[in-house]
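So the protein lines, in turn, are chains A and B. First residue of the first sequence: 398, per our numbering; consecutive thereafter. First residue of the second sequence: 38, per our numbering; consecutive thereafter.
No lab work stands behind these hints, which were simulated from the structure alone. Heads up, a few of these hints could be off.
Restraint ranges, calculated between C-beta atoms of paired labels, are given here [to be verified]: (1) A/P598 to B/A145: 31 to 41 Å; (2) A/A604 to B/D58: 24 to 34 Å; (3) B/E88 to A/T430: 34 to 44 Å; (4) A/T603 to B/A52: 49 to 59 Å; (5) A/H727 to B/A303: 22 to 32 Å; (6) B/S216 to A/T430: 51 to 61 Å; (7) A/P598 to B/G80: 52 to 62 Å; (8) A/K679 to B/E88: 29 to 39 Å; (9) B/G110 to A/P598: 22 to 32 Å; (10) B/E40 to A/D415: 25 to 35 Å; (11) B/Y128 to A/H727: 30 to 40 Å; (12) B/A145 to A/R751: 55 to 65 Å; (13) B/Y128 to A/T603: 18 to 28 Å; (14) B/E40 to A/K482: 26 to 36 Å.
A few chain A positions that, by computed beta-carbon distances, are all more than 10 Å from chain B [stated by the list, open to error]: (15) T446; (16) H510; (17) G658; (18) V717; (19) K725.
The C-beta atom is built at its ideal place from N, Cα and C for all residues, glycine as well.
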Amino acid sequence: MPIRTVYKAQIDHMQILDEDGKLDEKLAKNTLTDEQVVHLYEQMTICRTLDEVAFKLQRSGRMGTYPQNKGQEANAVGAAIALEKGTDWLVPCYRENAALFMHGLPMHYILLHWMGDERGNQIPDGLKITPLSIPIGTHMLHAVGIAWAMKLRKERGVACTFFGDGATSEGDFHGAMNFAGTQQVPCIFYCQNNQWAISVPREIQTAGETIAQKALGYGMPTMQVDGNDIFAVYKATKDAADRARAGGGPSFIEAITYRLGDHTTADDAKRYRSAEEVDSWKLKDPLIRTRKYLERKDQWSDKKQSELDERAKKITAEVVKTAEGIEKPHTDDMFNHLFSEIPAELRRQRDTLRTHSLGQEPGQVGLRAPGQAEHV
Amino acid sequence: MPELNLVQAINTTLAQEMERDERLVLLGEDVGANGGVFRVTEGLQARFGAERVVDSPLDESGIMGAAIGLAMGGMRPIPEIQFEGFLGPAYDQLVNHAGRMRNRTRGAIAVPMTVRVPWGGGIHAPELHSDSPEAIYTHHPGIKVVVPSTPRDAKGLLLAAIRDPDPVVFFEPKRVYRSYKEEVPEEDYTIPIGQAKMVSEGTDVSLITWGSMVFECLAALDNLPEDVSVELIDLRSINPFDRDAVIQSVQKTGRCVVVHEAAKTAGMGAEIATVIQEEAFLHLQAPVQRVTGFDTIMPYYKLENEYLPSAKRIQEAVEQVLAY
Ligand SMILES: Cc1ncc(C[n+]2csc(CCOP(=O)(O)OP(=O)(O)O)c2C)c(N)n1
Ligand SMILES: [Mg+2]
Chain A
398 MPIRTVYKAQ IDHMQILDED GKLDEKLAKN TLTDEQVVHL YEQMTICRTL
448 DEVAFKLQRS GRMGTYPQNK GQEANAVGAA IALEKGTDWL VPCYRENAAL
498 FMHGLPMHYI LLHWMGDERG NQIPDGLKIT PLSIPIGTHM LHAVGIAWAM
548 KLRKERGVAC TFFGDGATSE GDFHGAMNFA GTQQVPCIFY CQNNQWAISV
598 PREIQTAGET IAQKALGYGM PTMQVDGNDI FAVYKATKDA ADRARAGGGP
648 SFIEAITYRL GDHTTADDAK RYRSAEEVDS WKLKDPLIRT RKYLERKDQW
698 SDKKQSELDE RAKKITAEVV KTAEGIEKPH TDDMFNHLFS EIPAELRRQR
748 DTLRTHSLGQ EPGQVGLRAP GQAEHV
Chain B
38 MPELNLVQAI NTTLAQEMER DERLVLLGED VGANGGVFRV TEGLQARFGA
88 ERVVDSPLDE SGIMGAAIGL AMGGMRPIPE IQFEGFLGPA YDQLVNHAGR
138 MRNRTRGAIA VPMTVRVPWG GGIHAPELHS DSPEAIYTHH PGIKVVVPST
188 PRDAKGLLLA AIRDPDPVVF FEPKRVYRSY KEEVPEEDYT IPIGQAKMVS
238 EGTDVSLITW GSMVFECLAA LDNLPEDVSV ELIDLRSINP FDRDAVIQSV
288 QKTGRCVVVH EAAKTAGMGA EIATVIQEEA FLHLQAPVQR VTGFDTIMPY
338 YKLENEYLPS AKRIQEAVEQ VLAY
């Protein structure tokens with residue numbers, strides 16, 4: 398036979414909870430309990446509320462550019478609950494706030510970051526979270542390295558990295574996938590395909606039908622899930638984590654989701670996408686369908702909703718107060734964290750900046766006027 | 038003559054040159070339908086079509102490498118890298134291919150392209166959206182580097198860059214994008230790469246800078262006593278830079294302050310000061326002073342203004358150099 402098929406593949410799409418809040422009971426078996434669903438619904442609501450608060454802070458000049466998570470929350474919470482806090486690593490981009498909160502990051506850290514303060518990245522001890530990654534598509538390699546280290550050290554953790562559809566076009570994405578596959582590291586690649594990379598639609602990122610199929614080239618189990626369905630997100634992530642822990646190597650998840658807001662507060666999505674498109678996705682909002690599900694199961698009521706809304710408001714107001722209550726960093730802060738020990742020249746710049754705006758004592762470069770004081 | 042800001046000047050210049058030269062192709066992230074995140078390419082896709090104004094995949098190495106190929110294949114690509122901090126993934130293509138192709142092939146193959154990159158701090162942007170890497174690319178042979186500070190200069194330098202037979206990195210100071218307007222001639226004109234601009238003539242001290250720091254220097258001049266005569270030079274081109282303008286000025290004034298946003302160590306200030314001591318040593322009345330960013334990472338925006346040279350720091354440096 399001169400021509401024979403040497404490879405065949407298919408990409409499956411999984412949805413467990415549909416847009417009307419109806420559950421596929423068979424697939425949902427051994428996934429989330431009602432109690433867990435309530436918890437995830439609360440987490441999503443709090444995250445959504447924080448998004449709205451952050452948006453207003455930016456608009457009123459109290460915060461810099463901010464990327465809303467709105468519409469994508471199911472990905473963060475579904476994945477976070479499938480992973481073990483304190484054991485598994487989260488290697489995020491910037492649209493996974495709720496996952497970071499669920500794994501212990503104090504909420505005001507996220508605000509501090511976008512308020513232009515590096516202390517928002519000073520991850521508290523014991524948390525297995527890396528800082529938000531601004532250079533797109535670069536951090537997945539770090540997840541691979543972290544997973545590799547866990548494998549070498551025989552730890553049971555897995556690393557889960559989040560990134561967008563746009564990120565899969567970067568060269569480092571290839572590097573990360575290839576290293577993960579060839580080293581068989583316990584790493585989960587979680588792609589939040591929200592259909593857009595700023596103004597660039599998914600079809601411009603790749604001529605392929607799906608993003609999930611990219612993983613086939615690296616010998617990695619891969620699938621597509623409904624990213625607005627907490628059950629599907631949970632199951633796909635849990636299965637990938639179980640496989641990784643059992644020595645089965647990396648997995649890829651393409652989660653189909655949608656960014657309901659602008660790319661960031663600096664963007665105006667009306668310039669490049671239609672209101673009809675946005676409206677059609679509003680019907681698929683993860684919060685709406687999760688609430689419908691809970692109502693169906695008699696686990697939710699208007700009263701519970703208004704209590705939750707109140708609580709979310711209170712929590713986020715507190716978070717804003719904490720973030721805004723933190724004093725502006727001292728100029729020393731620019732210098733103190735470049736190296737474990739500050740080199741002499743940096744120390745000189747740091748110390749003289751305290752008293753002299755040039756960051757050098759006049760006398761040190763022979764530029765002191767006769768009779769002029771050392772410091773102004 | 039229309040009054041334009043920097044964004045408008047670059048936009049209309051691109052349109053004018055695309056009209057004139059069919060080989061021009063713009064490519065980059067969000068440059069098409071969205072007109073670029075700073076709107077510099079606004080309306081160009083509608084006017085010239087999606088084949089000439091190309092929304093690319095999110096891949097800086099791809100953008101730069103493909104642009105090199107387009108140039109080798111007879112086009113005149115103008116790749117845009119969305120922010121200077123994201124030149125990182127494109128570094129290998131820019132430095133190791135664009136900068137070397139002519140030399141590697143002993144002149145047989147050239148890479149005529151203009152890499153447009155929003156540059157510098159001062160707009161309270163997130164990490165890696167506020168850096169000033171002009172010295173890095175100047176240090177790599179084979180790449181020209183320009184930083185226009187005004188709309189009129191931007192037009193002349195952009196046309197010179199596009200028509201240059203070699204790769205040019207065209208850094209656009211974001212802080213100036215919409216903060217300054219001036220009359221920009223409608224006709225075709227170029228400003229030679231490598232030619233500085235005398236902003237104000239003076240006899241006491243030479244103040245040398247580029248990009249948005251030109252405006253910070255002007256603010257410093259306002260605060261200096263009237264009898265202090267400062268010669269303000271806007272370098273405009275960083276590689277090659279106008280050595281003659283610098284040397285002649287310092288030979289006249291005997292004193293010099295260089296101002297740039299980038300970190301001090303191994304910044305362009307070091308190169309300029311060295312050229313001055315090589316070529317005008319006996320004219321110097323005081324050591325050359327540098328007012329620059331610190332040798333730190335550009336901080337997140339809460340400390341941005343403490344990092345960037347301010348009018349006050351510039352004024353102090355001028356006073357110190359004069360008092361020496
Ligand atoms: C290396 C790099 N290039 C460009 C940018 C500018 N930028 C920020 S977000 C973004 C789009 C990201 O799209 P995607 O990966 O789909 O994530 P999403 O924002 O949709 O969640 C771009 C181009 C960047 N931050 N880093
Ligand atoms: Mg996206």
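B/A52 and A/T603 - C-beta distance against the hinted 49 to 59 Å = With Cβ atoms ~31 Å apart, the hint is violated.
Verdict for B/G110, A/P598 (Cβ pair) under range 22 to 32 Å = holds (27 Å)
In this structure, is the beta-carbon distance linking B/A145 and A/R751 contained in 55 to 65 Å?
-> holds (57 Å)
Whether A/G658 stays farther than 10 Å from all C-beta atoms of chain B, as the label says = holds (16 Å)
Cβ separation check - A/H510 to all of chain B, threshold 10 Å = Violated, since 8 Å does not exceed 10 Å.
CB of A/P598 to CB of B/A145, is that within 31 to 41 Å?
-> holds (40 Å)
Run the C-beta distances from A/T446 to all of chain B and say if the shortest one exceeds 10 Å.
-> holds (23 Å)
Are all C-beta atoms of chain B more than 10 Å from that of A/K725?
-> violated (5 Å)
Cβ-Cβ distance between B/E40 and A/K482: within 26 to 36 Å?
-> violated (58 Å)
So does B/S216 sit 51 to 61 Å from A/T430, Cβ to Cβ?
-> holds (56 Å)
Range hint compliance [Cβ, A/K679 to B/E88, 29 to 39 Å] | Distance hint for A/K679, B/E88 holds at roughly 34 Å.
Should the hint that B/E88 and A/T430 are 34 to 44 Å apart at their CB atoms be regarded as holding?
-> violated (55 Å)
Hint compliance for this structure: hints 3, 4, 7, 10, 14, 16, 19 are broken, all remaining hints hold.
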